Every structure is written in C-alpha cells, then in structure tokens.
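If you're matching them up, the sequences are chains A and B in order. First residue of the first sequence? That's 12 in the numbering used here, and the numbers climb one at a time after it. First residue of the second sequence? That's 12 in the numbering used here, and the numbers climb one at a time after it.
Derived by calculation from the structure, the hints in this document are not laboratory data. Nothing here was measured: the structure is a model prediction, and the numbers come from that model.
Within a straight-line C-alpha distance of at most 16 Å, the following computed EDC-like cross-link-like pairs (lysine to aspartate or glutamate) qualify: (1) B/K29 x A/E35; (2) A/K17 x A/D93; (3) A/K333 x A/D436; (4) A/K153 x B/D68; (5) A/K279 x B/E27; (6) A/K230 x B/D62; (7) A/K279 x B/D62.
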Amino acid sequence: MVNQIKGDPHTASPGVGQVAWVSEMTRKRQSGPSLRLSGHGDAPANWQPATTAVHAGTHDDPTTGAVGTPIYQTSTFILGADQYQAVEEGYARDRFIYTRYGNPSQWAVQEKLAALEGAESAIVFSSGMAAIAATVLSMLDKGAHVVASNELYGGTYNLFHHELPSLGFSVSYVNPRDLAAIEAAIGPNTMLLYFETVTNPLLKVVDVPALGQIAARHKLRFVVDATFTTPLGMHPLEHGAHVVVHSCTKYLNGHSDLVAGVAMGARKHIDPIWPRLLAFGGCLDPHACFLLERSLKTLPLRMRAHAEGAQAVAEYLQTHPKVREVHYPGLPNHADHALAKRLLNNMGGMIAFVVDSDAAALKLLNSLHLMRQATSLGGVETLVSLPFNTSHAAYTADQRTRLGIAPGCIRLSVGIEDPRDLIADLAQGLASL
Amino acid sequence: MRNGIPAAGLSELASEIKQHPDQGIATYGVNVKWLSGTRSQASALPMQVGDQAVNRDFSWLIDEPKQMGGSNHAPNPQEYLLSGFGSCMMVAYLVGASVMGIQLAQLEIEVRSEIDLGGFLGVNPAAPVPLKGIRYVVRVGGDGTPEQFERLRETAQAHSPNAMSLASGVAVSGTVQML
Chain A
12 MVNQIKGDPH TASPGVGQVA WVSEMTRKRQ SGPSLRLSGH GDAPANWQPA
62 TTAVHAGTHD DPTTGAVGTP IYQTSTFILG ADQYQAVEEG YARDRFIYTR
112 YGNPSQWAVQ EKLAALEGAE SAIVFSSGMA AIAATVLSML DKGAHVVASN
162 ELYGGTYNLF HHELPSLGFS VSYVNPRDLA AIEAAIGPNT MLLYFETVTN
212 PLLKVVDVPA LGQIAARHKL RFVVDATFTT PLGMHPLEHG AHVVVHSCTK
262 YLNGHSDLVA GVAMGARKHI DPIWPRLLAF GGCLDPHACF LLERSLKTLP
312 LRMRAHAEGA QAVAEYLQTH PKVREVHYPG LPNHADHALA KRLLNNMGGM
362 IAFVVDSDAA ALKLLNSLHL MRQATSLGGV ETLVSLPFNT SHAAYTADQR
412 TRLGIAPGCI RLSVGIEDPR DLIADLAQGL ASL
Chain B
12 MRNGIPAAGL SELASEIKQH PDQGIATYGV NVKWLSGTRS QASALPMQVG
62 DQAVNRDFSW LIDEPKQMGG SNHAPNPQEY LLSGFGSCMM VAYLVGASVM
112 GIQLAQLEIE VRSEIDLGGF LGVNPAAPVP LKGIRYVVRV GGDGTPEQFE
162 RLRETAQAHS PNAMSLASGV AVSGTVQML
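All chains, full assembly: derive it from the sequences and hints.
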C-alpha cells in the first residue's frame, strides 16, 4: 500500500539519479492524468460523441465492482515514497496528494471532458471564471498584452478590464469578426489572443479557424471560450486554439445545479495552468465532479434537444408580428448562417429576439408561465433574461446600441422541453403586448 | 521539487525537441541605448521559444568606472559578460545536479578575468583586445561527492551555451543604420 502508485500508472520518474544529463532521461508527455481505469484503452478516439459522453473517464469501482465512478469525497491522500518522489522530481500532477492538487473524481470528469473536446488534458475548476483566470495568468509574462473580443462575457471583461491592468498587463478590445483590426492590434509585447466562439447575446459566429491562423502567424497563444457552442458544436483545438475554456455551469452540466469550469488542450499547454490551480485555489469539489460527470453522459442528447427546440422556437418567433428581429445561427436568414453551417455541428439553444422596447420586453417576461426569468443559460429548463438589466447593465443604452443590442432585446436559453409548450408560452406572452 | 528544478518537465521538453527540433529554437535580443557618456541602458527584446512569443519587460543600466571615463553608476560590459557566463553555468549546474538526484544546499560561481586597456586603446600592438581568459570557481554544498561535483562542473561547462560560446568563439557581424 505504502509504495504502490497512487495516481497515473502510465507515468514514472524521468530517471533522476540514473543519468548524467537531460538527454538520457526517458519521460515523455502523455494524455491525462488518468487512473487508466475506464477499461476502454485508447478507444475514445474512435467513438462517436454519444458513446464518449457515457464511457470516457468513467470507471467502475475496482474494489466492489459498483458501476460508475465512486465519489472520492476526501481532502487528502495517504502518502508514500512514490508520491514524495513525484513531488521532488516535478510530476506531482500525476499523483494523488491533496484534493486541491488532484482527486480521482476530478480526473474522471476531466478525462470525459477531454475526450469530448478532443484534448489531451483537462483541469476542472470551481467556476468558469476560475478556469479563465488561471488559464490567462499562466500564459502572460511581465508587461504582456492581450488582444480580446470587444463583446466578451461580462465576467471575463471584468477580469480583463479591472484586474489585468493592476498586474501590469494591457488588453486591446477588438471586433471579433474584423480580422484586419485584430491583426493591427497585435504589438511586440502581445502574447495572447482571447475570443469566444459565439457572441453574447446576438450570437454572431466568430471565425475561429481564421483567428487560429493569425495566432500561428504571430506565434501567439490562442484561448477560446467555447461555452456557447460546447464540444458538440465545435472543437476549437482543431482550428489552432491552444486552450479551450468552458463554463461547465452552462450546457456541460446542463441542470442549473452547480458552478464549474474547465480548461482543455495539449498536455504541454495545460500543465502550466496546473500550478495556477494550486496557487489561486479554484479546485472543484469531488461531489460537484460527480454531478458534472453524471450530467455529461447526456450532453449529446441534451444538445440535440436544445438545438431542435431553439430552431422551432426561432422559426416561430420570426413569423410573429410583434417580434422585430430574431437572432439564431440556425435560421437561414441569420447573417452568419453560412459560417455557422461550416463551423458548427450543433447550433445550440441560444436565441436573441427583439420586441418594441425594454418595457415591452419586461412585460413579456412577466407574463411567461413556463419559462423562468433568470440569468445563466444551458440548463434543461428554458431561461429568459434581458441584456439591458443583466449581462449588459453596465453599458449605456447608446453603448448597447453600438454593440447591436437594440432596446427590447431578449435572450432566450431554450431548454429541452417540448418546443410546442415553449411556443405556446411565448404566444400567450406576446399576446399580452 | 529538488533544487526548484522540474526534472520531469525537462525530460518532457527534451523529448518534445527530439521529435520537433523547431520547438528547441529560442531567439533573443537586446537593444542597448546610449544615455550619456559611457552610460547606456539595455532592454530585452521580445523572445521566441519554439512556436511562442514571450514578452521580456526587463531593462538594466551599464556604465564604466571613473577610471575608464565613466560615472561608475552601474556594472560595466565586462562584468555583464562574466555574469552572463556565470549565471548560464549556474543553470546548467542546477539542471545537472537535479537530474543526477543531488540536493544542493549552496551554490556560488565566482568568475574572474582581465583585459589590457592597451589593447582597447590601441597604444600597445602587443596587447590583446579580448579578455585574457576566464577563470571560475564553483563553491558548492550538498549531498553529492566531490567527484560528482567535479563531473557536474565539466558537464555544466560542456552544455552551457554562454560558456561554450566564449570557449569556442562565435562569428560576430554588424551593419549600420542611419537614424
């Protein structure tokens, strides 16, 4: 018990003490860390997403045979010579030492997420913002500059606008769809491009492969927040992103019952984030890992339902006389429909639509019976909110107009309910206007 | 981590570079700007390591002692050269000790050299312009044997880019641009 490997059995000492110089050491990077217990070997590479979602990372209890990953509700682990050696030689991420460093419940869900995303490695965090903060700060050196979208999620904007300058970093905000402006914003101290796959709330589709080419040309790191599109919609790592971050709170967990985040990419790019997980402390609790892992098993089913429901609701809304605009990338008349069809395998469940005024929008929300008036998105239940008094409340009306957010704009996160019931709810609500 | 050096990470980097040699190419630069008299300021230029641009927000002052016409406000170019040698040797020594499994308690490298100003000033054709050799001593404490520490010194010198640049000489070339 004392000397057995408590961690990833595929990883070992690089040969310290047996060699005279670095060239003689034998350790290579590999995917994980993983307990290598899921019993499926390297099969996830060949599985369809629905199979990956159920089986990747999940392992049966080796002691009792119980099906499914046990919840390892512990803060610490019994230490032995193998873990001490891992700490001394710099591969502590591959061993269980302390739950902030790593825990089998974290590893199981990380392995499932990485398999879905097509990534070598993943780290789960206690929120999407914890994932974003640790990722970004692992990629910046003293005095570095970031080029980011000017339509960032508000939480990310707060981090970039209020915290990064205090640390000596600078950020340029540019239109995520203006490639020339993005390239022009890159300076000699630029180290990072940071963009989101789809903008919030108007669902403009961002050309991630083109951004990946810019990053490669300028030798920049490229981080993509793919929360809105999920691994079922797009794999940004295949388009030049180095790290993909998600708020797992949204579609990945999908049940509006936990807060979590994840950063995924090549082991080379995720290993440097790990010390920031330790330093900033945003680790995910084992019980939350269990809930997230369980939820992920139905992600493909849920995403199909979200997209089908959103398509039906969007088609209904665009025929309604009291609706001025409908933004959904699955609609043929959406400005980015062609790009969305090229890049996205799933159009998602987010819709923005516009009624006469903010007052009319508020009235509509208050007359809905089924849809819940709440912020957040990606849950099984349909949520409806107004950018003007939630996500974009910090902006003036003029600023919102410049971003394309018209008065009366409503954000709809279509759940997995039967779209006929959602349409009926909207019909009675719109009738009140 | 032993000596604060991630041995596993070094092994992984070595393996990556073996497979993708371009990931082992690091390009550097400094810009040295005249301030006044013999005083100048060096600033590190953005670096590239493999496929990544790395910002280098560092600058430092250089001066000459009063005896050589300066104000003695900062180390002089020869001292920077020697510190560049000594610190590069130190990284190599630390890496070597860490992969050999030797825990260091103390490590100092003292580097000495001299120049003949007659060479710089051109007043003595027999006086050499270059440094008259570089001598260094490694002062070390740790759980290695004297034989291991000496072997480590030889290995460190053989793998130190700065030590080997000085020992074997590298081509130097330049041009002028009008401001």
